[in-house]
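**Q** With these hints in hand, go ahead and build the complete structure from the sequences.
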Amino acid sequence: MNNKKAREEKALSKELERLKKEQIRIAERKRKKKQMGGSKDCLQYLILMLDTRNVNSGGHGVAIFKACEALGIQYITKEQPVPFSITWNRLVTSINVSRENQVETVNSEQMEEDVLVLLPVADFVNFVQNHKKGGSELGGGPTLTNYIQTVKQHLPNSFLSFVVIGMEKYIWKDRLQTAFFDDGVSTVKVDKNGQGLLKVWKQQLLQFKNISPDIADAIVQAYRSPHLLMEVIRGAGVLETSRRVGKEMSRRIHTFVTSSNPNEIIK
1 MNNKKAREEK ALSKELERLK KEQIRIAERK RKKKQMGGSK DCLQYLILML
51 DTRNVNSGGH GVAIFKACEA LGIQYITKEQ PVPFSITWNR LVTSINVSRE
101 NQVETVNSEQ MEEDVLVLLP VADFVNFVQN HKKGGSELGG GPTLTNYIQT
151 VKQHLPNSFL SFVVIGMEKY IWKDRLQTAF FDDGVSTVKV DKNGQGLLKV
201 WKQQLLQFKN ISPDIADAIV QAYRSPHLLM EVIRGAGVLE TSRRVGKEMS
251 RRIHTFVTSS NPNEIIK
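Per the working numbering: the sequence shown ends with 267, consecutive numbering throughout.
Watch out, some of these pointers could steer you wrong.
Straight-line Cα separation of at most 30 Å, DSSO-like style, residue types lysine-lysine; simulated pairs [stated by the list, open to error]: (1) Lys-192 - Lys-202; (2) Lys-209 - Lys-247; (3) Lys-169 - Lys-133; (4) Lys-247 - Lys-202; (5) Lys-189 - Lys-202; (6) Lys-173 - Lys-199; (7) Lys-173 - Lys-202.
Quick caveat, the hints were computed from the structure, so don't treat them as lab data.
This structure is a prediction, so every number in the text was calculated from the model and none was measured.
**A** This is the structure in structure tokens:
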């Protein structure tokens, strides 16, 4: 009798174990099917962690928020260990069996290995300049290499990507600022009596594209200083009557001598 009861309990235990494994397999298939239903479905299980400095200082918050909303990605703005970084957390579902042999689904967050750092242009330029000066080894500031090594110390197990947004605009603006220091323009000296001012005025006019020395001489002879030219808007001066200058060049020169905006770009 005892042997029969023991066999029945053993058979029941095996059946319960089989049912438990079957429940786990079914739950696991459902979980994988749900999370691998397609790229769009996978994005629903991502949470983008955006460092607050990307919003407050970087100015990228609005664009990132719109992109997340369009893709259906959850996002959280929170100060991260690495400034201007973006990380991702994935919602992970796991299957556990309770003491009562009940199959339970447990949801948790798992940090992804990929990390994106939006490096400000000003910081990147400083890193490059420090590198040219010899870096921290010669008493200078940190270089880009030093910065990357510091980030790796905070995130040793992550795949890091660094992006500099706005570098093209910086280079373009820098070229405009340095265009006035063309090597082809000679230095003009001015003495205490004002001798040489006309040459300075002529050299300034030669900075404009398509202005030849002859045209510059004609303008200087008609208007001995920029102040005199400022008073001419429409008239019979050389800027209006000379076909060699033209209306477009007249507009550029007029904008140059009358504009009060130091950052205005004359096109």
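**Q** Sort out whether Lys-202 lies within 30 Å of Lys-173, counting only the CA atoms.
**A** Measuring from Cα to Cα gives roughly 25 Å; hence the hint holds.
**Q** Is it true that the CA of Lys-189 sits at most 30 Å from the CA of Lys-202?
**A** holds, 13 Å
**Q** Run the distance test for Lys-247 versus Lys-202: straight-line Cα separation, threshold 30 Å.
**A** holds, 19 Å
**Q** Does the structure keep Lys-173 and Lys-199 at a Cα separation of 30 Å or less?
**A** holds, 28 Å
**Q** Would the pair Lys-169 and Lys-133 pass a check requiring their Cα atoms to be no farther apart than 30 Å?
**A** Distance ~24 Å between Lys-169 and Lys-133 Cα, so the pair holds.
**Q** Given the hint that Lys-209 pairs with Lys-247, test it: the Cα-Cα distance must not exceed 30 Å.
**A** This hinted pair holds, its Cα atoms lying about 14 Å apart.
**Q** Given the proposed pairing of Lys-192 with Lys-202, does the C-alpha separation stay at or below 30 Å?
**A** Holds - the C-alpha atoms of Lys-202 and Lys-192 are around 19 Å apart, at most 30 Å.
When the structure is compared with the earlier hints, no violation turns up for any of them.
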